[in-house]
Structure formats: structure tokens, C-alpha cells
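A.B. asks: If you're matching positions, the sequence shown starts at 3 in this note's numbering and goes up one per residue.
These are computed hints drawn from the structure, not numbers from a lab.
Cβ atoms here follow ideal geometry from the backbone N, Cα and C, with glycine treated the same way.
Heads up, a few of these hints could be off.
Said to hold, decoys possible - Here are the simulated DMTMM-like cross-link-like pairs (lysine to aspartate or glutamate), alpha carbons at most 25 Å apart as the crow flies:
| hint | residue 1 | residue 2 |
| --- | --- | --- |
| 1 | Lys74 | Asp90 |
| 2 | Lys15 | Asp35 |
| 3 | Lys12 | Glu27 |
| 4 | Lys20 | Glu51 |
| 5 | Lys12 | Glu58 |
Said to hold, decoys possible - What follows is a list of derived Cβ distance ranges for each label pair:
| hint | residue 1 | residue 2 | range |
| --- | --- | --- | --- |
| 6 | Lys12 | Asp35 | 26 to 32 Å |
| 7 | Pro23 | Arg97 | 48 to 54 Å |
| 8 | Val9 | Gly77 | 21 to 27 Å |
| 9 | Thr94 | His30 | 31 to 37 Å |
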Amino acid sequence: MSGLTPVPSKLVKPPRVKEAPVHLECKHLRSVDFPNWSNKDRYVVVFGEVIGVHIEDQYITPEGLIDVDGMKPIGRLGYDDYTIVGGDSIFTMTRPE
Numbered sequence: 003m004s005g006l007t008p009v010p011s012k013l014v015k016p017p018r019v020k021e022a023p024v025h026l027e028c029k030h031l032r033s034v035d036f037p038n039w040s041n042k043d044r045y046v047v048v049f050g051e052v053i054g055v056h057i058e059d060q061y062i063t064p065e066g067l068i069d070v071d072g073m074k075p076i077g078r079l080g081y082d083d084y085t086i087v088g089g090d091s092i093f094t095m096t097r098p099e
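Construct the complete structure from the given sequences, taking the supplied hints into account.
C.D. replies: Structural data, given as C-alpha cells:
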């Protein structure tokens with residue numbers, strides 16, 4: 003239905019999505035159900051251990067960092083709202099020691 007292309011994973015059984023610039027292969031650790039307002043809703047947080055990472059070379063900078071601006075990842079905000087992370091919204095903040 004999505005029109006996306008599955009490609010075999012190297013370490014886990016579920017396939018990766020060819021069109022994604024980054025693939026994380028994960029081992030399932032635990033799924034936690036949270037309370038909800040009705041029986042028709044279900045809220046689950048899935049925890050996993052990343053055991054494999056695949057990144058398209060074009061998104062790795064000469065310094066070996068991820069080019070987030072070039073990748074333009076999508077973030078979920080809530081309800082039916084999403085955002086695109088890009089150069090205008092990226093900023094650096096040094097963490098206190």
C-alpha cells in the first residue's frame with residue numbers, strides 16, 4: 003500500500019525500507035502498554051537494542067557526522083501533525099558539564 007521497497011536486513015528478519023536514508027536493525031527488548039481512554043485505543047512503547055546501523059554515504063560528512071540538513075528527517079508532533087527537520091530549525095547548544 004505504501005509503495006515502499008523492502009530490502010533484506012543483515013542481522014534481523016524484518017526487511018529494511020530501501021527509500022530510507024538510514025536503517026536501524028534492532029533486537030526487541032520489551033513492549034510496554036500504557037493506560038488509555040477507551041478499549042479501542044492502545045498505546046505501546048517499544049524498546050529495542052540497536053544492533054546494526056546502515057547510512058547512505060551521501061549523508062555522512064567529511065568529519066564522519068550525519069548531515070541532518072541534507073537528510074531532511076520527518077518528526078511526529080502529535081495528532082496528525084508532522085514537521086521536517088532542516089537547516090532553518092537546527093541549532094547547537096553545548097551541554098553543561
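A.B. asks: Hint by hint, note whether the structure agrees.
C.D. replies: Hints, verified against the model:
no. : hint                       : in the structure
1   : Lys74 to Asp90             : 11 Å, holds
2   : Lys15 to Asp35             : 24 Å, holds
3   : Lys12 to Glu27             : 8 Å, holds
4   : Lys20 to Glu51             : 21 Å, holds
5   : Lys12 to Glu58             : 15 Å, holds
6   : Lys12 to Asp35: 26 to 32 Å : 31 Å, holds
7   : Pro23 to Arg97: 48 to 54 Å : 26 Å, violated
8   : Val9 to Gly77: 21 to 27 Å  : 24 Å, holds
9   : Thr94 to His30: 31 to 37 Å : 34 Å, holds
Consistency note: the structure conflicts with earlier hint 7 alone.
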